[in-house]
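From first to last, the protein sequence lines stand for chains B and A.
For the first sequence, our numbering begins at 67 and goes up steadily by one.
For the second sequence, our numbering begins at 60 and goes up steadily by one.
Simulated from the structure, these hints should not be mistaken for laboratory data.
Even glycine gets a Cβ: it sits at the ideal position worked out from N, Cα and C.
Just so you know, not all the hints are guaranteed correct.
Derived list of chain B stretches under chain A, where covered just means 3 residues or more per stretch with a C-beta under 8 Å from a C-beta of chain A [as the list claims (entries may be wrong)]:
{"#": "1", "segment": "176–186"}
{"#": "2", "segment": "450–456"}
{"#": "3", "segment": "488–499"}
So the chains spell out like this:
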Amino acid sequence: MGALNDLLHGFAVALTPMNLLYALIGVMLGTAIGVLPGIGPAMAIALLLPITYGLDEPLPAIIMFAGIYYGGMYGGSTTSILLNTPGESASVITAIEGNKMAKAGRGAQALATAAIGSFVAGTIGTMLVVLLAPLVVRFAVQLGAPDLLAVMVLAFVAVTAVLGASRVRGFASLLVGLTIGLVGIDFVTGQQRLTFGIPQLADGIDVVVVAVGLFAVGEALWIAAHLRRGSARVITTGRARMGREDWARSWKPWLRGTAIGFPFGAIPAGGAEVPTFLSYVAEKKLSKKPEEFGRGAIEGVAGPEATNNASAAGGFVPLLTLGLPTTATAGVMLLAFQQYGIQPGPLLLRNEPELVWGLLASLLIGNAVLLVLNLPLASIWAKLLYIPRPYLYAGILFFASVGAYAVNQSTVDLVVLFVLGLIGFAMRRFGIPVVPAVIGVILGSRAETQMRRALQISDGEISGLFNTAFSVTIYVIIALVVLWPLINRFVVRPLRRRRASGSTTEFTESTESTEFAEPVADQSVEAGVGASSALSESDQPRGTS
Amino acid sequence: MISRITAWGQGRSELLVALFLLVLGVFVLFDAARLKAGIGQRGPVGPKALPLVIGALLVVTALLLARDVLRGGRGEPEGGEDVDLSTGTHWRALLLLAASFLANIALIERVGWPISGAVLFFGCAYALGSRQFVRGPLIALALSIGSWYLFALGLGITLPVGVLKGIL
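Between the sequences and the hints, there should be enough to build the whole structure, so can you do that?
Given below as C-alpha cells:
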C-alpha cells in the first residue's frame, strides 16, 4: 500500500498552517464563486492566475485552485436549486429536480442531498485518484512521442465532438484555438508565425490572457448584452437537512453517481455533462417512484450531484499523470502548474511527489471542510445571489483587465484581451463552444513538439506517427468518435429498427423515455459515445463553466 | 413571419462566421507559405507543417459550416442564470462597456491604474444600469486603489501610478 503511505506524507504537507490556510481560502472562494451567477471555477482560476504569479511556492497556489475547483461545484448546486430563473438553470441537470424540490418546500432536503452526495463522491473519487495515479504513471512513462501525440489528438477530438450541440462548430472553436497557439516564434527555427511584425506578439500570446479573454471578458460581455432586467427570484429555505427516508433514497444514487462519474472524468470525454445526464436517466429508470421525476425527485438531485463531483475527481488522473486536461477547469489548472515551470506528465509524480500528494491530501481535507461549510450555511451562501449585477460584471471586467495587464505590464495584452473578449462574445452568440479553443491553445504547441519529435525519430517517415500498438488503438478510437454519426446512421439505427419491429415491448419503453432527450435516450445508456450524440441531437443547453 | 425574418437574419450572420474562418484559414496558409525551412531546422518537419494543416482544416471547416447554415443548421446562443435571450441584444450597454474597456487601455499608462481602473469599473457598472452616482464611484476608487496596493505590496508588481505619483 505504497500509495496510502505516500498519502500520509501528503497529509503532513497539507496540514502545515500555510497550506491549510490556502486550502480554506480556496474552498471559501470556490463556494462563493460557484454560487455567483456568471462566474464558474474556470473563469475564477483564470482571473486569479496573474495574482498568484507573486507566490514563490507552487503548492499553496495549486492547493487553493483545487479548493476552488471542488468548492465551485458545491456552490453551483446551491444556485441551481435555489435560483428561480425559468429555463436557463436547466443547464445543470441538478436543477431539473432540485428546483422543483425547492419550490415544493423541500429545498433543505435538496441542498442536503447535494452537499452530502458531493462529499461522498468527492472523497471516494479522490481516494481512487490516490490509488490509480501511480498505476497509470507506471504505464505512462513508457509512452513515446507518437503515443503522447495520439492522446492529445484524442483530447482535441473528444472535447470537440462531445461539447455543445454541433460538431462543426466545435471544430471551428478548436481550430481558432490552435491558430492562436501558433502566434509567436517557432521554438526550433526561430521564425515568426502570425506575428504581423508586432514585437510583443513574438513571444506568443500569453495563454493566461487567452483564458481570461475567452472565459471572463467574453462571458461578461455576452451576459451584459442580454442581462435579465429585474432580479431573478431566489427561493428561501432553511438549514440544509434531511430525514430518514431521504437518506434511504439518496445513498444508492450517490454511489451509482460516483461509479458513473469517475471513469467519465478520467477519460477525455468533455467533462461532467454526459455522465450527469446518464446518471439522471439511470436514476429515473431505477427509481421506485418514477412518477416523481419532473416534480422533485430526490434521486434526481443525489445522483447527478455525486456524478458531477466524481467526474471532477476523475479529471485529476489524466491531468496529473499525462498532463492532459479534460475540462475547462482542468485546463486552467494546468496553466497554474506551467506558471511555476512544472509540466504535469508522467514524470510529475517522480519529480514532485510532495506537490502531488500534498495536493491530493488537501483535496480530501477541503472536501470535508466544504461539507461543514455548506450543510449548515447553504442558505447564507445563497445571499450572494442578491449581489447587484452591474457591480458583479463590472468587477469581472475590472479584475480581468488588471490581471492581464500585470502579466507583462503591457497595454498590448489589454488590446489582445479585448479582441479575444469579442471573439468569446461572438462564439457565445453563434453557439460555438469556448472550451475546445482554450484546450487547443494550451495543448497545441505541446502536440506540435511531440509530432516533430516523432517524425524526427522516424526520419520523416509519416508512419512514425502511428508505429506503436498504443497509438494505433487511440487512432481507432478517434476514428470511431469522428465517424460516429455515420456509424449511427448506417449500422446502429438499422439494427435497432430491425430489433424494434421484432419486439413491441422495447418500442414502448423507448417512447416513454425522458422528455428532453427523446428517442436516443435509451441508446445513450449503452454506449458512451452514443451519449454524446444524444446530448447533441437534443437541444441541451451547455453549462456555464 | 417575424420569427422567420429573424431566423433568416441569424442564418446570414452565421455565414459571416464561416467567412471569418475561411479568411483566417487562407491567411494562415499564406503566412505558412512565407516561412522558410531555415538553417536552424532539426528533423524533417519544419515550422510550416502545422500551420499548413491548421489552415487547410480551417478552410474545410468554413465550407462545412456554410453548408450546415445553408441547410438550416443554427448555432444555439448560450444561456445562463443572468441571461435573458427573449429580448434582443442590448447594443447600447455593449458599446458603453467597450468604451470603458478601451478608456482603461488608453489611460492606464497616462494617468495610472488607480484612476483608469476606477473609470473602467464605474463605466461598466453604469453601462449595466447602475445609477448610484455616489456609492458607485466610491466602490470603484476603493477597488482600484486597493488592487494597486495589493499588487504593489503583496506581489511586488508596480502597476502604473500616473498622476498620483508621490501620493500612493
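So, going through the hints one by one against the coordinates:
Evaluation of the coverage hint for the segment 176–186 of chain B: breached, as 0 residues show C-beta separations to chain A shorter than 8 Å, against a requirement of three. For the segment 450–456 of chain B, the stated coverage by chain A holds: 3 residues have a C-beta nearer than 8 Å to a C-beta of that chain, and at least 3 were required. Restraint check on the segment 488–499 of chain B versus chain A: 6 residues with Cβ-Cβ distances below 8 Å, three needed, restraint holds.
Checked against the numbered hints given earlier, this structure breaks only hint 1.
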